[in-house]
Amino acid sequence: MNQNNNTDMEKALTGLLEKYHVKPSLPFHLQMSGKVGELDMLSGYSFAEPELQENQVPLLTWRVKRKFIELKKIVEESVIEDVCLFRFCCIGNKEKWSLFSLLYREMDLFEFIGNGKIISVQGVISGNEAGNLILRLDNNALCSIEVSTQLPSGMPMIDRHEIIARRGVASDVVVDTQIPQSSIYSYTQQGEKRYTDVDMELYGFDDTRIDHIRSAFQVLKQPQLIKEWQSQHKRLVNFIYYINSTEIV
Amino acid sequence: MKPLKIAMLSLTHGHTRKYYQTLNDNPKLEWVAVYAETETVKNNFLKWGYDIPCYMDEKEMFDKHPDIEAVVMASANYIHLRQFRECAKRGIHVLSMKIPTFDMDEYAEIEELVEKSGIVCHVELEMHYNPVTTRLYEMIARNELGKISAINATNITLSPVWAFPWQGIPEQSYGKRVSLKPGDKRFRGGALSDHPHVFDMIRWLTNSEFDYVYAEAGPNIRQDIEVEDILLVNGKMKNGVSFLFDPSWSRLEERLEVPAPGWEIFPKRMEVNLAISGENGVILADCFGPNVYHNGKPNDRYTVQYTYFDEWIGMMDEFVDCVRNKKMPKINLKWHRKTIEAMNACYESISSGKPVCL
Chain A
1 MNQNNNTDME KALTGLLEKY HVKPSLPFHL QMSGKVGELD MLSGYSFAEP
51 ELQENQVPLL TWRVKRKFIE LKKIVEESVI EDVCLFRFCC IGNKEKWSLF
101 SLLYREMDLF EFIGNGKIIS VQGVISGNEA GNLILRLDNN ALCSIEVSTQ
151 LPSGMPMIDR HEIIARRGVA SDVVVDTQIP QSSIYSYTQQ GEKRYTDVDM
201 ELYGFDDTRI DHIRSAFQVL KQPQLIKEWQ SQHKRLVNFI YYINSTEIV
Chain B
1001 MKPLKIAMLS LTHGHTRKYY QTLNDNPKLE WVAVYAETET VKNNFLKWGY
1051 DIPCYMDEKE MFDKHPDIEA VVMASANYIH LRQFRECAKR GIHVLSMKIP
1101 TFDMDEYAEI EELVEKSGIV CHVELEMHYN PVTTRLYEMI ARNELGKISA
1151 INATNITLSP VWAFPWQGIP EQSYGKRVSL KPGDKRFRGG ALSDHPHVFD
1201 MIRWLTNSEF DYVYAEAGPN IRQDIEVEDI LLVNGKMKNG VSFLFDPSWS
1251 RLEERLEVPA PGWEIFPKRM EVNLAISGEN GVILADCFGP NVYHNGKPND
1301 RYTVQYTYFD EWIGMMDEFV DCVRNKKMPK INLKWHRKTI EAMNACYESI
1351 SSGKPVCL
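Chains A and B are the protein sequences, given in the same order. Note that my numbering has the first sequence beginning at 1, numbered continuously upward. Note that my numbering has the second sequence beginning at 1001, numbered continuously upward.
Warning: the hint list may mix true and false statements.
[Said to hold, decoys possible] Rough simulated footprint, nothing fancy, chain A against chain B, three-plus residues with beta-carbon under 8 Å:
#: 1; region: 1012 to 1023
#: 2; region: 1236 to 1249
#: 3; region: 1319 to 1333
[Stated by the list, open to error] Calculated Cβ distances over 10 Å to all of chain B for the following chain A residues:
#: 4; residue: Glu-10
#: 5; residue: Arg-136
#: 6; residue: Tyr-185
#: 7; residue: Asn-238
By construction, these hints were calculated from the structure, which means they are not laboratory data. Since we're looking at a predicted model, the values are computed, not measured. Heads up, the beta-carbon is just placed ideally off N, CA and C, and yes, glycines get one too.
Please model the entire structure based on the sequences and the hints provided.
And the structure:
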């Protein structure tokens, strides 16, 4: 399967819709079509402006990622109790990520997993390369977000999401490690390869595309998410504008 | 070279026990005596089995051992000035704990005492003698990352307040009782006061000074202590490098009165990690890894057992060299002043809710 082919993604999404008997109310695209009356469903950070057209759907793709769903459950079900501190870090390469997209993703994850709304943010930005934020939720939890786009091209994202509570700590990274783990490490004459396959129904797509398809499926299944995510998009973009406008120079 | 005759004062600092082996093993040192502040401290020391005379009176120790040339000032922050006065008067060189004082008038007096008496004062910032940070320093000095955008660092530990109670008493840790911020029941003197290393390391690695800092304290994990245990700091260096520090006590501990195996609740009791982002790429570093792991005694919990803690060897070697050859230590009071000023600025920022320029 050619993973770069958007048609393949739309086909896979159609397959899921048929399998689970979900009937979309409107035609859809997983890229910008600009067609009136048809949904354009892209990752939220693809839309730079806070205000969107009715048919522009900002997908919060990370919200359907299993590891974040599990972390959210750990918090919501009080597996860890009285969360005090979130420590988020996300380092990507410039080919794929911008500072805007990383900040957008991580701030949304903070609210999503933290089950609250951001009430304060203090950001320090270094050009388009790095940003270091201290934020607080309306439930008083504090958070650090560290983002950088300075990984060399082709390198997979390195991220970490740690939640520290009065009872317990949760994280998507193993204790005493600095980088995420993969499912398979292959060392052959062709060199080192890593694989992390997490979705059998969408087997063969990389994780970014899987999240894109899954979040679009979620929106088509629950159309009320369109307004909800458009509203969240506006907040996130405005936060990023605010960070850039208040930076001390 | 004649071994340096050395004693230890107070034995109440969290790092105290880390010096025992170095003072015992290093042939450049002759461990002469210790002064223990309390009976409990004395009994804890005697359990280690070192054949070193232990006094309950500091003056008595000095008077009975006039040959003492240097001390490790292993005491609570609030008595450092008094001990500096005594050492300066007697011409005794000082290996100071990492916070000589947070009071800048006291700091100036300590600087003056050291300068006028001609004693060597080496401040204990042992990360300068860590092989991982040394490697990082070399990589940055070789410009492997090109222009650096950001340095993020953690100095995350468990809280020492149960084993070293003075670290939870604002007057003894910070030097006075100052509210953390308006309307907050907590006071200065907690995790921030315990963790100068990240502030020091970024100055060393970037060869630049702080431009501004912003700090915020989170809700305490430990609700029954008077000082802050969770905080974050961000800001910029004068050369434009941005930073984010986490110097929290965010690893829970068993409330032991004497540090021992099983102290940690979270598997890893301490970390100093750095993430450095530059135009040529990113470096991630764990200053105390890799390690070994077990889930055995005493609590059958998965536990990170550290494999490296030898910073004290290089640091004490340098201290002896400075005393014997009349050199200025790399980490001297003048160098360290700006680190203390930055930490004080963080407390100001927590209080005001605003960035503080330095």
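Given coverage of the region 1012 to 1023 of chain B by chain A, tested with a Cβ cutoff of 8 Å and a minimum of 3 residues: Our answer is that it is violated, as 0 residues pass the Cβ test (under 8 Å) against chain A, missing three.
Minimum Cβ-Cβ distance from Asn-238 (chain A) to chain B exceeds 10 Å: 21 Å, holds
Beyond 10 Å from every chain B Cβ - status for Tyr-185 (chain A): 17 Å, holds
Whether chain A covers the region 1319 to 1333 of chain B (at least 3 residues having a Cβ closer than 8 Å to its Cβ atoms): violated (count 0)
Separation of Arg-136 (chain A) from chain B, once the least beta-carbon distance is taken, above 10 Å: 7 Å, violated
10 Å cut-off, C-beta based - Glu-10 (chain A) kept clear of every residue in chain B: 34 Å, holds
Proximity test - 8 Å, beta-carbon atoms, the region 1236 to 1249 of chain B to chain A, at least three hits: With 8 residues closer than 8 Å to chain A, the region 1236 to 1249 of chain B meets the three-residue bar; holds.
The structure fails to meet hints 1, 3, 5 from the earlier list, while all remaining hints are met.
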